[in-house]
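Chemist: Residue strings, one per chain:
Number of protein chains: 4
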Amino acid sequence: MGDRAWVEFDSARTAFVSIDMQIDFCGPKGYVDVMGYDLGLTSAPIKPIHYVLHNIRNRTDIKVIHTREGHLPDLSDAPYNKVLRSKIIGNGVGIGDQPKGGLGKLLVRGEKNWDIIDDLYPIPGEYVVDKAGKGAFGQSNMPLLLKNLGITHLVITGITTDVCVHTIMREANDYGYWCLLLKDGTGATDFGNYQAALKQIKMQGGVFGWVSDSKRFIDGVMTAFK
Amino acid sequence: MGDRAWVEFDSARTAFVSIDMQIDFCGPKGYVDVMGYDLGLTSAPIKPIHYVLHNIRNRTDIKVIHTREGHLPDLSDAPYNKVLRSKIIGNGVGIGDQPKGGLGKLLVRGEKNWDIIDDLYPIPGEYVVDKAGKGAFGQSNMPLLLKNLGITHLVITGITTDVCVHTIMREANDYGYWCLLLKDGTGATDFGNYQAALKQIKMQGGVFGWVSDSKRFIDGVMTAFK
Amino acid sequence: MGDRAWVEFDSARTAFVSIDMQIDFCGPKGYVDVMGYDLGLTSAPIKPIHYVLHNIRNRTDIKVIHTREGHLPDLSDAPYNKVLRSKIIGNGVGIGDQPKGGLGKLLVRGEKNWDIIDDLYPIPGEYVVDKAGKGAFGQSNMPLLLKNLGITHLVITGITTDVCVHTIMREANDYGYWCLLLKDGTGATDFGNYQAALKQIKMQGGVFGWVSDSKRFIDGVMTAFK
Amino acid sequence: MGDRAWVEFDSARTAFVSIDMQIDFCGPKGYVDVMGYDLGLTSAPIKPIHYVLHNIRNRTDIKVIHTREGHLPDLSDAPYNKVLRSKIIGNGVGIGDQPKGGLGKLLVRGEKNWDIIDDLYPIPGEYVVDKAGKGAFGQSNMPLLLKNLGITHLVITGITTDVCVHTIMREANDYGYWCLLLKDGTGATDFGNYQAALKQIKMQGGVFGWVSDSKRFIDGVMTAFK
Numbered sequence: 001m002g003d004r005a006w007v008e009f010d011s012a013r014t015a016f017v018s019i020d021m022q023i024d025f026c027g028p029k030g031y032v033d034v035m036g037y038d039l040g041l042t043s044a045p046i047k048p049i050h051y052v053l054h055n056i057r058n059r060t061d062i063k064v065i066h067t068r069e070g071h072l073p074d075l076s077d078a079p080y081n082k083v084l085r086s087k088i089i090g091n092g093v094g095i096g097d098q099p100k101g102g103l104g105k106l107l108v109r110g111e112k113n114w115d116i117i118d119d120l121y122p123i124p125g126e127y128v129v130d131k132a133g134k135g136a137f138g139q140s141n142m143p144l145l146l147k148n149l150g151i152t153h154l155v156i157t158g159i160t161t162d163v164c165v166h167t168i169m170r171e172a173n174d175y176g177y178w179c180l181l182l183k184d185g186t187g188a189t190d191f192g193n194y195q196a197a198l199k200q201i202k203m204q205g206g207v208f209g210w211v212s213d214s215k216r217f218i219d220g221v222m223t224a225f226k
Numbered sequence: 227m228g229d230r231a232w233v234e235f236d237s238a239r240t241a242f243v244s245i246d247m248q249i250d251f252c253g254p255k256g257y258v259d260v261m262g263y264d265l266g267l268t269s270a271p272i273k274p275i276h277y278v279l280h281n282i283r284n285r286t287d288i289k290v291i292h293t294r295e296g297h298l299p300d301l302s303d304a305p306y307n308k309v310l311r312s313k314i315i316g317n318g319v320g321i322g323d324q325p326k327g328g329l330g331k332l333l334v335r336g337e338k339n340w341d342i343i344d345d346l347y348p349i350p351g352e353y354v355v356d357k358a359g360k361g362a363f364g365q366s367n368m369p370l371l372l373k374n375l376g377i378t379h380l381v382i383t384g385i386t387t388d389v390c391v392h393t394i395m396r397e398a399n400d401y402g403y404w405c406l407l408l409k410d411g412t413g414a415t416d417f418g419n420y421q422a423a424l425k426q427i428k429m430q431g432g433v434f435g436w437v438s439d440s441k442r443f444i445d446g447v448m449t450a451f452k
Numbered sequence: 453m454g455d456r457a458w459v460e461f462d463s464a465r466t467a468f469v470s471i472d473m474q475i476d477f478c479g480p481k482g483y484v485d486v487m488g489y490d491l492g493l494t495s496a497p498i499k500p501i502h503y504v505l506h507n508i509r510n511r512t513d514i515k516v517i518h519t520r521e522g523h524l525p526d527l528s529d530a531p532y533n534k535v536l537r538s539k540i541i542g543n544g545v546g547i548g549d550q551p552k553g554g555l556g557k558l559l560v561r562g563e564k565n566w567d568i569i570d571d572l573y574p575i576p577g578e579y580v581v582d583k584a585g586k587g588a589f590g591q592s593n594m595p596l597l598l599k600n601l602g603i604t605h606l607v608i609t610g611i612t613t614d615v616c617v618h619t620i621m622r623e624a625n626d627y628g629y630w631c632l633l634l635k636d637g638t639g640a641t642d643f644g645n646y647q648a649a650l651k652q653i654k655m656q657g658g659v660f661g662w663v664s665d666s667k668r669f670i671d672g673v674m675t676a677f678k
Numbered sequence: 679m680g681d682r683a684w685v686e687f688d689s690a691r692t693a694f695v696s697i698d699m700q701i702d703f704c705g706p707k708g709y710v711d712v713m714g715y716d717l718g719l720t721s722a723p724i725k726p727i728h729y730v731l732h733n734i735r736n737r738t739d740i741k742v743i744h745t746r747e748g749h750l751p752d753l754s755d756a757p758y759n760k761v762l763r764s765k766i767i768g769n770g771v772g773i774g775d776q777p778k779g780g781l782g783k784l785l786v787r788g789e790k791n792w793d794i795i796d797d798l799y800p801i802p803g804e805y806v807v808d809k810a811g812k813g814a815f816g817q818s819n820m821p822l823l824l825k826n827l828g829i830t831h832l833v834i835t836g837i838t839t840d841v842c843v844h845t846i847m848r849e850a851n852d853y854g855y856w857c858l859l860l861k862d863g864t865g866a867t868d869f870g871n872y873q874a875a876l877k878q879i880k881m882q883g884g885v886f887g888w889v890s891d892s893k894r895f896i897d898g899v900m901t902a903f904k
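Protein chains in written order, with this note's numbering: chain A, 1 to 226; chain B, 227 to 452; chain C, 453 to 678; chain D, 679 to 904.
Source of the hints: derived by calculation from the structure; they are not laboratory data. Bear in mind that the values here come from a model prediction, so they are computed numbers and not experimental data. Glycine included, each C-beta is placed from N, C-alpha and C at the ideal position. One or more hints might be untrue.
Mimicking DSSO-like on lysine-lysine, the simulated pairs with C-alpha atoms at most 30 Å apart in a straight line are [to be verified]:
| no. | chain 1 | residue 1 | chain 2 | residue 2 |
| --- | --- | --- | --- | --- |
| 1 | C | K635 | D | K877 |
| 2 | A | K202 | B | K326 |
| 3 | A | K183 | A | K29 |
| 4 | B | K441 | B | K373 |
Quick look at which bits of chain B chain A covers, simulated, 3 or more residues with Cβ under 8 Å [to be verified]:
| no. | segment |
| --- | --- |
| 5 | 388 to 399 |
| 6 | 426 to 433 |
Label-pair ranges, simulated between beta-carbon atoms [as the list claims (entries may be wrong)]:
| no. | chain 1 | residue 1 | chain 2 | residue 2 | range |
| --- | --- | --- | --- | --- | --- |
| 7 | C | G602 | A | D38 | 42 to 48 Å |
| 8 | C | N510 | D | K765 | 35 to 41 Å |
| 9 | A | G220 | C | D526 | 47 to 53 Å |
Please work from the sequences and hints to get the whole structure.
Modeler: As structure tokens, then:
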């Protein structure tokens, strides 16, 4: 078997998922910026995701789901180790704190930095899942939403590839969802980790699903919806 | 901050976890062998795990948990995509099938190939968690067991690093468990993926926990229990 | 609105569920018998369930799922309060203990008393879900099985009405499954609790689903499959 | 064994839970009022809950958790059968609709009718869990919150006894939490269902926990914290 395969999706049962495209992960003065990582890597998927959204919105029946990682202002839904480690990497400024010159408290629901970036902001009719973890199946309404919508297939994008994106893809896969990751629609805080995350998906015949890119996906969609 | 840190564990609240050390993943004629991967990589952690078990059994109050991935004989707990992909990589022989000259049906509960290897077999008083997925928190009794035992910290080993080990570590982390991976006590079907999996843990101040090795861990344990 | 309504089921998406029809709950020398409750109440649903199984097996595509409550021999999947309370009601003989003249350890997987009674024993092609709790959605493969089978509607029977049956019906309802309870196919250890359990379902327009009986259900099925 | 027992709680590991004391369930023009049920029954627990809160706030280290049932404005987290049945009982006006002369959309997050009543409103330092279901363990941050707080025991109040209160108590029990229901701190839409719900808890040695009342509970607390 080669590396290339044709796969079939029923658009009525497919959701396009944009994971955590929040200022905190890809915008200036957000969490990732404060930690000192290269925003060029985590903002790279903005354009490909925008391209996909532009082409599926209004023209197809593919559902769109956005996720947001964030915590209640009292941090009661943030494990202590998560808060502690964020303070270590941020030299004392972590989740729940407002950095000097920052937009708001890092990763706290309702803050400006926590929200989705303007370019990819949800439009009416699209779904938003708020989650406290890296994953989404344990403590959010994601499983219920997918069930209510009758979804069986997920086309996945977002950030960061090796953390939230991979965790959600692993969970979805364990629950029997068919997952396709668009490789130009995702990015990590480290390029090697990004590359490895793609490769890990393809082991064992596709242990976590398939990998494609935004152009091929939209080409396929356009053929179906012309 | 450097790469080295001292961490503190309460042994009464710590579980040593040995993930999926089954013939199917590291022994001859098991699932990984049938897929054609190098058993040298997935069997490498046997010796370090044995070293840890030897030193904590009987001498400490650290709990020991073994996990096993496997499915009911009717495969009713195996998502269709998981079965399909295993057949693709195995040229038609996948989960639920018995390969030519094999020991039993691949990844099916009760088969010889599905069980834990002799060298690391659970002894009385140790716990075994049977799980259908790569992860363990969605559809097994793992969360209940950890709660019943009062566990807060996990020392993790097993195979494969980038698949089951990482999925369980991600889930545990999302639920607030403190996780330490022993890097010589784990292995993957691809060495690059193994290395990347270790690195992914350490991003963002330790986004999924800490990494150490079996010697350092046992040195620390011996200091506490001398 | 009156008390009567016509409801529509797609047989291909329907599962008939027989909950915990184990010796431990309705047979001599089982757990309920040891606790001193009237077996006449918990064995009453045997005949109606048998009638349903007889009529849907082989003649329809309705899936059949049996559940069994039980624990691992080391009771590691039994919360301490559950074990303690069972010992209180049983004068020291509770879950995990073998009563004098008993068939085996109460509610322990693999014991004779733990298994499903002969009259309703699963046949090949039927599914069995083993669960540690009163409910089934938290720590068993029930959600995965329902998803794999494409089930949306559940026809529910079993014991006991106010404990396991109601817990599973509540969980299923919260997850969006359409639930129909057959009132002669279920029983409780107390007749008043049985009656109240039925009434509780019908509050608020059917807050947990619908209630019917085995004859009406089979009459409907026979009309569809004649 | 008689009906009376002394039980012991560690206040540092205990949470007092006030379930769904929202206008929608016990206030004028809320959901229960629109369905035509007697508000006298569901508002009866207000005074006992207030009595408990008054006595444990500031004087004890018992944590306080409030829950709210509600849905996103797009109802994406509401199963279709739940919405449908609410419309049937409400003659077309159900969840997500604003009744004539109502305060807002029924059971929709952010609406006035959805929020907790003034008399029992959370104060700073108390926790609020928003949930889409009758239960709270499947799709909310309740399990994570309890784990973060180190809670093992729950003192439960709220409405309605036979629906949300019982579902949460059943889930908590299955996960190993020790549960005590205060019988004057809870109410149902039907008095017989309320009585039966109390009785169901006490079967089988306390299959879902214990039952007490607000006076006895506060008497015990005051003895400990005098």
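Chemist: Against this structure, judge whether each hint is valid.
Modeler: Results of checking the hints against the structure:
Straight-line distance between C-alpha atoms of C/K635 and D/K877 comes to about 20 Å, which keeps the hinted pair within the 30 Å bound. Between A/K202 and B/K326 the CA atoms are separated by roughly 25 Å; this keeps the pair inside 30 Å, and the hint holds. For the hint linking A/K183 to A/K29, the alpha-carbon distance of about 26 Å falls within 30 Å, and the restraint holds. With a C-alpha separation of about 28 Å, the suggested pairing of B/K441 with B/K373 holds against the 30 Å cut-off.
For a cut-off of 8 Å, the count of residues in the segment 388 to 399 of chain B with a CB near a CB of chain A stands at 7, and the three-residue condition holds. Check on the segment 426 to 433 of chain B: 6 of its residues sit with their Cβ under 8 Å from a Cβ of chain A, so the three-residue criterion for coverage holds. About 44 Å separates the C-beta atoms of C/G602 and A/D38, a value consistent with the hinted range of 42 to 48 Å. Separated by about 39 Å at the C-beta atoms, C/N510 and D/K765 satisfy the suggested range of 35 to 41 Å.
The beta-carbon spacing between A/G220 and C/D526, approximately 52 Å, falls within the hinted interval of 47 to 53 Å.
The structure agrees with every numbered hint stated previously.
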